[in-house]
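Read off the chains here:
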Amino acid sequence: MTATRLKILLALVALLALLVVADSFVTHHASFGIDGTPGFAAWFGLLGAAAAVVIAYGWGRLMRRPGERVDD
Amino acid sequence: MIATHLPVLLILAPLLGAILAALSRNGVAAWLIGLVASALTAAVAFALLWRVQAEGVISYRIGGWAPELGIEYRVDAVNAFIVVLVGIVAVLTMIFARRSVLAEIIPERVASFYTMMLLCIAGLLGIAVTGDAFNAFVFLEISSLSTYTLIALGRDRRALVAAYQYLIVGTIGATFYVIGVGLIYLVTGTLNLGLIVERLASLQSSRGLIVAEAFIVIGIGLKLALFPLHAWLPNAYAYAPSSAAVLLASTATKVAIYLLARFLFTVFGGHIDVGSIAFGSLLIGLSLAAMFLASAAAVVQNDIKRLLAFSSVGQIGYITLGLALANPTGITGGLLHLFNHALMKGAAFMAMGAIVLRTGTAKLDELAGIGRVMPWTAAALTIAGLGLIGVPGTSGFVSKYYLILGALEAGHGWLAILIVASSFIAVLYVGRIVEVVWFREPAAAAREASEAPLEMLLPMWGLAGVTIWFGVHAEWPAGLASAAADTLLRMVP
Amino acid sequence: MTETFGPLSPAVILIVAGLLLPLLKGGLRNGLFLAAPVAALALVWALPLGPGIAIDWLGMQLVPLAPDRMARIFGTAFGIAAVTGALYGISQSSGLEKATALIYAGAAQGIAFAGDLVTLFVFWEILAIGSTLVIWSNGNARAGLRYALIHVLGGVLLLAGISAEIAGAGGVAMHPMRADSIGRWLMLSGILLNAGAFPLSAWVADAYPKASWSGAVFLSAFTTKAAVLVLIRLFPGEPALLWIGLAMAVYGLIYALLENDIRKLLSYSIVGQVGFMVVAVGVGTPLALAAAALHALAHILYKSLLMMAAGSILRATGETRLSALGGLARSMPFTAVAMLIGGLSLAALPLTAGFVSKSAILAALAEDQARFYWFALSAVSAGSFLYIGLKLPWFALFGAPRATVALEPATSMKAAMGLLCVLILGPGCFPGWLMELAPEIAGVPILTIDHILFQILMLIAASCIFVGAWPLLQPKAGFTLDVDWLWRELPRLVVPRWRSNLDKLRLSLSAVGEGLSQGWSAFREETLRRLTLAGNWPTGQIAFWATALLAIYVLIAAL
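Chains as they are written, first to last, in my numbering: chain A, 1 to 72; chain B, 1 to 493; chain C, 1 to 559.
Nothing false has been slipped in among the hints.
When the alpha-carbon atoms are kept at most 30 Å apart in a straight line, the in silico DSSO-like pairs for lysine-lysine are as follows:
1) Lys7(A) <-> Lys476(C)
2) Lys25(C) <-> Lys363(B)
3) Lys25(C) <-> Lys414(C)
If you only want the chain A side, here are some residues facing chain C, beta carbon under 8 Å, derived:
4) Arg5
5) Ile8
6) His29
7) Leu46
8) Arg65
9) Gly67
10) Asp71
So, partial list: chain A residues that the calculated Cβ filter (under 10 Å) puts toward chain C:
11) Gly45
12) Ala51
13) Arg64
Since the hints were derived computationally from the structure, they do not count as laboratory data.
Even glycine gets a Cβ: it sits at the ideal position worked out from N, Cα and C.
This is chain A alone, in the form it adopts within the complex (with noise of 0.2 Å):
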């Protein structure tokens, strides 16, 4: 890991912190109650994010083939 990505990296995770604390403090319309929690929106984007690298790079393992179709 480069030093600048771990300082975006870094300068992100800071932000969204922050904007957590933030979300503790508006009030929630949750249609389903876990999604009125505070911060909902954060871990479960982080997790939905991370779920699509890993299954599209474990995909990607299996499908991807390197050069052109035959056939384009």
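On the provided structure of chain A, position chains B and C as indicated by the hints.
Just chains B and C now, kept in the frame of chain A:
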């Protein structure tokens, strides 16, 4: 006063016009006479249609003689329909003809060309209105003889061969027909169609009648280019002068089909079951052969006029198929296709006439990119082509729709599928034209050409326009065809 | 009131203009190319809402022009796409592409306003032909053929379904239904094929990137969204659509994340976003349907913009692979801004149109208590930001330049992109505009503090993952296998193997085979010759046939 003489006026107008045109010996005067005579004919035709719709069948006795001795002209929903078609095409062809004739016919023969056109029209109308079997033969000969001359007037030397072949084949056809009529006369002792029907009803043995029917159907089959009796047609249409080809393609075979329908349903209908397995299947088989084989032959032609001619043989297959189905919907589809095909094929041949006028060629490979310089002409050709395929929104779709319904009604689901399948062959030959005309780089012939003159574009677009118009508003022609079908099947008195 | 306009419809204007276009040249052609979409869009709004005109055609009640609110939303979307697409593509030199693009746009309008199944089918086919020609006009015949074949299949499915519907008691009217019979399943699968539904979704990413820089803009707008509209009209609330739509959303996300080519990435993303709409149609409540329609509108806006940006890059550098691009923010600043705005709208950043429509879809799911789909789509939505808002700009716009920019976008292209930016940001800042179009969404909280914060948290969380998992997301040259492998690669693999096994057999049979093939080619030549010369029969042959037929006739009749 005039109203009662309408049926005979219909014949007299072009006949007198022909005589005047022959006497005038002057191209311009002959054309004017032709135009006026055909316009008058068209007007009389529409008046007849209107009267038939209002008052029912019109019977006109020539010279006041009763049918047994004299000749009766009898106009009902069937021939009124045909007469209107011939009238429309005749007048539009005359408008179209002037420029094309100037370019294609040597000046001394222009007057006789118009004479022959008018004679041909008179003959065709005569076949349509007469109620007398032998009189029909006379008119058949008038129209045929003038047709041979018209074809022979073509500039290409092969026109002579084509005319000669048609002469021989046409004569065989006429002979067969007259033999058949003679046999009927032997059996019934009359030539009047109405009386024949009456007397046939009380006839015991039908053996002689079968032979008569065979001779008549094959004789007329030669004239209407029923597959495999079609071989005279492609060369005749391809080498005839352009305007003659328009008239012949739109009317000549169509009137022959009318005559066939008249004999099959009105005359023999009460006696021999047309829908019967024996005859119906023969006619269905020949129709299918035409739909597939003649269309396939169209695909490989290089001369567009020949291509259109083969397409005509194929399309005639759809019409006879409709007749062979022998149920109201099927016959409606057949007659409607007769009408629609005449109009769109007229437009196509007019477009080719204009292209030949401007480029001097009808060869597909020499006409590459012609759409860029003659967009209106090429567009009319394309619309006619779409109609031949039966694309929804064109009149060709409506008539094929009725044919498919008719096939389903008759319980022949496979026929419906074959009708659709054969349309794909039309996609091929029309697609070839469209591809070459629009999407290729202009060839030498195309680069030097220019758009057709307005006087040719107007009648051409008149026909192309109705191809679209009747595709969207099908009520009028479909109503006429349906009334005609009911009359043929005697569902109305 | 509708009668005032007679047979005039947005579809007719565009299709007629498309047909006339090849006849015109130069300025006149470009003028018509621009004017027709503008006129069509104006007519979409001039047509008063109502039941439309019914015409009786061959015994069927056809309603070729039925302006209702759905038609107006989609008509607006298609209209804007056509106007901006034409403005963008005006400098395109291919006349064929321009003409067919107009016909294609007209067919989409025709579907938007179709009030019966027959009209729908006619425009459906015109749509397929138009789009095929747009692809074809860029010269890739094989891809065009694959596209045409798959849409012929779709057309046949739809036709079979419609025929079954008409033959049954259903009639030609468009009415909501369930996929409860074989005929309706056929109809549904025909529509879904056009929507790019999984598993037959591979055609989208196969065909669209084969179009020209301007053609792809048109392609991205019409076919799939027209299918969404038809789903809204015919299958609202169909339960099967829920999981089909979710599968599309997941498929689009995964494949877009893996993709290297910008325009392929955008094509996969189309499938993913249409998946959101299909799920909403599956929910079927009025709010959900309105949300699906608005999402289609928003999606057409931002996906057109993204395709335009991609087209500009292609035109400028001749390249669309992320692995070969970079640093374009400096050399093509205008395009870079457009790409960012489009991408952020897709990721539903507050103050963009995409935020409004995606909020409406999620609100509809919440209202229906579709818990699973709500969480799943929220997660997919967070994932979408990875590829569109982070990966795409990161590798295309920033970093070291790897491709030279030879051509600045033309002014007309910039104007089109600018116009779309305004159209995306405008309704984003003032969601009230969209509520006028679809009043059903009035109760949805959009620009509220908690909702904005929710979305921002989501996006920043995704950014964290992107930066953290950066090495895994490096674009790599190559392609991802898809279902289309079955018909693109499998035959290639199987046939040679099969062939080698057959070779021995063939050797032993070679004598026979040679004889057969000679016989066949002789037969073919003979047939061709016969067909060509079919008109040149000698007269005797005709006479022979006449006599033969006479004999057959008498024989048959006598028997």
